[in-house]
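There are 4 protein chains.
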Amino acid sequence: MNVPLGTFSLGQDQPFRLIAGPCQIESRDHAFFMAEALSTLCRELGIDLIYKSSFDKANRTSLRAARGVGIVEGLKILADIRAHFSIPVLTDVHAPEQCAPVAEAVDVLQIPAFLCRQTDLLIAAGKTGKVVNVKKGQFLAPYDMKHIVEKLESTGNHRILLCERGTCFGYGMLINDMRALPIMAQTGYPVVFDATHSVQQPGGLGHATGGQREFVAPLARAAVATGVSALFIETHQTPDTAPSDGPTMIPLADMRALLEPLIGIDRLVKQGSQN
Amino acid sequence: MNVPLGTFSLGQDQPFRLIAGPCQIESRDHAFFMAEALSTLCRELGIDLIYKSSFDKANRTSLRAARGVGIVEGLKILADIRAHFSIPVLTDVHAPEQCAPVAEAVDVLQIPAFLCRQTDLLIAAGKTGKVVNVKKGQFLAPYDMKHIVEKLESTGNHRILLCERGTCFGYGMLINDMRALPIMAQTGYPVVFDATHSVQQPGGLGHATGGQREFVAPLARAAVATGVSALFIETHQTPDTAPSDGPTMIPLADMRALLEPLIGIDRLVKQGSQN
Amino acid sequence: MNVPLGTFSLGQDQPFRLIAGPCQIESRDHAFFMAEALSTLCRELGIDLIYKSSFDKANRTSLRAARGVGIVEGLKILADIRAHFSIPVLTDVHAPEQCAPVAEAVDVLQIPAFLCRQTDLLIAAGKTGKVVNVKKGQFLAPYDMKHIVEKLESTGNHRILLCERGTCFGYGMLINDMRALPIMAQTGYPVVFDATHSVQQPGGLGHATGGQREFVAPLARAAVATGVSALFIETHQTPDTAPSDGPTMIPLADMRALLEPLIGIDRLVKQGSQN
Amino acid sequence: MNVPLGTFSLGQDQPFRLIAGPCQIESRDHAFFMAEALSTLCRELGIDLIYKSSFDKANRTSLRAARGVGIVEGLKILADIRAHFSIPVLTDVHAPEQCAPVAEAVDVLQIPAFLCRQTDLLIAAGKTGKVVNVKKGQFLAPYDMKHIVEKLESTGNHRILLCERGTCFGYGMLINDMRALPIMAQTGYPVVFDATHSVQQPGGLGHATGGQREFVAPLARAAVATGVSALFIETHQTPDTAPSDGPTMIPLADMRALLEPLIGIDRLVKQGSQN
Chain V
1206 MNVPLGTFSL GQDQPFRLIA GPCQIESRDH AFFMAEALST LCRELGIDLI
1256 YKSSFDKANR TSLRAARGVG IVEGLKILAD IRAHFSIPVL TDVHAPEQCA
1306 PVAEAVDVLQ IPAFLCRQTD LLIAAGKTGK VVNVKKGQFL APYDMKHIVE
1356 KLESTGNHRI LLCERGTCFG YGMLINDMRA LPIMAQTGYP VVFDATHSVQ
1406 QPGGLGHATG GQREFVAPLA RAAVATGVSA LFIETHQTPD TAPSDGPTMI
1456 PLADMRALLE PLIGIDRLVK QGSQN
Chain U
1206 MNVPLGTFSL GQDQPFRLIA GPCQIESRDH AFFMAEALST LCRELGIDLI
1256 YKSSFDKANR TSLRAARGVG IVEGLKILAD IRAHFSIPVL TDVHAPEQCA
1306 PVAEAVDVLQ IPAFLCRQTD LLIAAGKTGK VVNVKKGQFL APYDMKHIVE
1356 KLESTGNHRI LLCERGTCFG YGMLINDMRA LPIMAQTGYP VVFDATHSVQ
1406 QPGGLGHATG GQREFVAPLA RAAVATGVSA LFIETHQTPD TAPSDGPTMI
1456 PLADMRALLE PLIGIDRLVK QGSQN
Chain H
1206 MNVPLGTFSL GQDQPFRLIA GPCQIESRDH AFFMAEALST LCRELGIDLI
1256 YKSSFDKANR TSLRAARGVG IVEGLKILAD IRAHFSIPVL TDVHAPEQCA
1306 PVAEAVDVLQ IPAFLCRQTD LLIAAGKTGK VVNVKKGQFL APYDMKHIVE
1356 KLESTGNHRI LLCERGTCFG YGMLINDMRA LPIMAQTGYP VVFDATHSVQ
1406 QPGGLGHATG GQREFVAPLA RAAVATGVSA LFIETHQTPD TAPSDGPTMI
1456 PLADMRALLE PLIGIDRLVK QGSQN
Chain Y
1206 MNVPLGTFSL GQDQPFRLIA GPCQIESRDH AFFMAEALST LCRELGIDLI
1256 YKSSFDKANR TSLRAARGVG IVEGLKILAD IRAHFSIPVL TDVHAPEQCA
1306 PVAEAVDVLQ IPAFLCRQTD LLIAAGKTGK VVNVKKGQFL APYDMKHIVE
1356 KLESTGNHRI LLCERGTCFG YGMLINDMRA LPIMAQTGYP VVFDATHSVQ
1406 QPGGLGHATG GQREFVAPLA RAAVATGVSA LFIETHQTPD TAPSDGPTMI
1456 PLADMRALLE PLIGIDRLVK QGSQN
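Heads up: the protein sequence lines correspond to chains V, U, H and Y, in order. The first sequence begins at 1206 in my numbering and counts up one residue at a time. The second sequence begins at 1206 in my numbering and counts up one residue at a time. The third sequence begins at 1206 in my numbering and counts up one residue at a time. The fourth sequence begins at 1206 in my numbering and counts up one residue at a time.
Keep in mind the hints are simulated off the structure, nothing from the lab. Hints may contain errors.
Just so you know, same-sequence chains aren't split out, so a pair can sit in one copy or run between any two.
In silico DSS-like links for lysine-lysine, alpha-carbon gap of 30 Å or less [as the list claims (entries may be wrong)]:
id: 1; residue 1: 1332; residue 2: 1475
id: 2; residue 1: 1475; residue 2: 1281
id: 3; residue 1: 1475; residue 2: 1262
id: 4; residue 1: 1281; residue 2: 1262
id: 5; residue 1: 1351; residue 2: 1281
id: 6; residue 1: 1351; residue 2: 1262
id: 7; residue 1: 1351; residue 2: 1475
As the structure is a prediction and not an experimental result, all values here were calculated from the model.
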């Protein structure tokens, strides 16, 4: 099943789409800077882009961590990016009452992994009619995503994306089961691979989540070879100074080198499928 | 650190307190029936009881599963049980705005495992000044509970309980790391062992969570021998017909046989401590 | 089923027996020193002792680690300890051809966890007619131990012990599933809990296995409360200078304080059973 | 580092080599039939082949499972296949004393995963001077393979291959951590991905190991995209009637369709490297 989104659609037989952006909306200027850079890069590489950024980090490890610009300011920035660059925009929602206002500003509502079983949030997101990207909880088996799909479908919304971002493996470590990608694809909905959160090390920095940025590239290649509809990659011009997810974000300057082989593998794997 | 709660307190050197009740508030009559039976049993056994029941099951596996009587009716019933039986009452909260009204009706607010990192919910619960029982997320290492404690302490509330209810172990299976109990106790706060959710098998029934009721007794004995401040045990007169958590709840008629050896082990383990 | 061993027997309704000793046979003098100390302690506490020590460490993490005194010298020492102290002796075997000579010197042959599926080793051990203690592989589910039992039973030997020593949990970490104890007991054979290897951290020291000695006591209490036939505890007068398993062994001077509460819990849990 | 083997070599910048064959040597005729079919296929596809088959299955789940033709007959068959087809041959060893005779008949000695920490076996295998392929134990972290490499290197043998075949993930399930491939490659030695044992479900059939053959293809694509020196794939003309590993082996008739996309991905990923 293909999920239409503006001028393109997401589907298991379509070229992968790129969901990318900095973890947080840091400021209007920073958001425009990042969207400009990513738009240009994707145009050059011939990839369709969905711009991603969060207005609130609602479940930081530590209370002292930065939470973001807030919903009012954040949605204004995202709406302006959508209008200015003519690209679809994605952000995450944390409470049912956020869904309607967020849906006015963005094209894709994302359900965070920890919240993927919260029925009211799923229903509220589904009811907006927008595309909903659900991250598989780190505590969930891929074949259990069918129940989440059913909750969303009950709203009449069939524009659903299912996203792998790692599964619990002992303490302080996630693992990617590449079988999860074809298993989730059995629902018929497009599958997304989140290459940067997958290398998180929960609690790895003591006061914050750590990460293994060096494994983003091999895992992204593996996922694309397995077959995905979209890649989710957080990026930042200087990740190590970013207010969140620094250890996992890819330096903006490295994005081209990361993406080029993925495009080749994707083409090869989907050869023979409709394009 | 001891956490006072009505006529008693919870502490690692106190006899274990029992948090018990049916998973859901099914009706006023059923709630009173259960509270009556548990009060009588605990009086006979010399255990302090905290009555537990949920007004809403917000994260059921399947959309078709029963969600409960709702917050308005549920809180009325819980408040009446508290008044009628003179026992503290516990229920779980799912959104920040629920915390204040819930705090008027009950003595302990419980943070569900999936939501244990949601900062706003923790803060709102902490601000009520009520005792807050946080279930350790199935995706969290026990030593990372210190960050959750810090979020709660930031509200000035130090009446905190930390609850073990199983950790992800492969797909569709939880495991109890008994080391988690002493590790969480290092925070200084009382530790609770949830003996019935610990034997859940997520997704185990296809459309719902399964369970291994036969392991509740050995795991409860193990936890008490390790040292806990409270046991959390869901119970029902006929679990197999209950609207939720049937595969894990203990038949009411079996509670006495389950509890008696636990009391003995608890006394032995805490010998020499203040009583 | 009770497994007779010299003047006592092991069984789920018998008081727990203690399998204890230093990881390696370091020298004749050291072995006699340890056996003397443990014999005296167990006599005072009223526990039956099986003396444990290895003549060869065949699967050390690193090549540079000490392997032991060897089979010829080791078996002589073990046989002399058995004769001198009149206690049963246990050691581990690593190859089928070791079983017959080892069986002449000791009372219990132990199958190491990594080797628990090696059919020829199990058969050779079984054929000696001696008690065989099989450690559950860290890679094995407890319910799969029934196949190992069957391999041993095929030799006509029904003097089998099944030992829990931790299960893989992510990288570099073991976890004890206390459900494994009743599950393995369903075979009808006595179950042993290895409290010191259970707290190993494979590869935790970089060049060697690390450990969390502080969790031996709570895990041993948990296991005894669940119900076991024997406890396996490695001990040493100065663990931190021992040639192997230093991070997990219990200082000899701490053994009494470790064992005393276990005896109380064991009595309580087995009350009503034959003694 | 490249590991020479007959007319080719294995290396992270070389095209992947194929290690393939039926799990067991069933008979001379069957072995020749399989070797003929695989030789022809690999010649047509332009892949270098290493023929794999076992003379003994030393650690079957159940005692009643078939063990194979034995070492004497097995080695004769393997030597004859090597001579007849002019291809290198691989088989696994289970005891130190097998290494020398096996080394006379084959080109690659394989250390089974359960035995990967048995020092004597590693040393004996290394001393033969033959290529040694070590399967990473299901209980081992990939970064701990460096200790195994060191044991082998101590014999002066640097013709080492390191093979990923899955890691414990809960009970009865393996998972492939694709990060393990680049981590093991940091040793400098070629890395092999075993695509068929990786989908085993230990104990999954009750009396035997089950498997998920449908995931061999996506996992193999993922591994090749990550970057490997060789693929290990067991195959059989009718896997479901094979005496071992039926649930995971690939039907011989499906091998071409499995391999073709892998060749494309491999070329793409290694573009720019020496060929």
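Go through the numbered hints given earlier and state which of them the structure violates, listing their numbers in rising order.
-> The structure conflicts with hints 1, 2, 3, 5, although it agrees with all the remaining ones.
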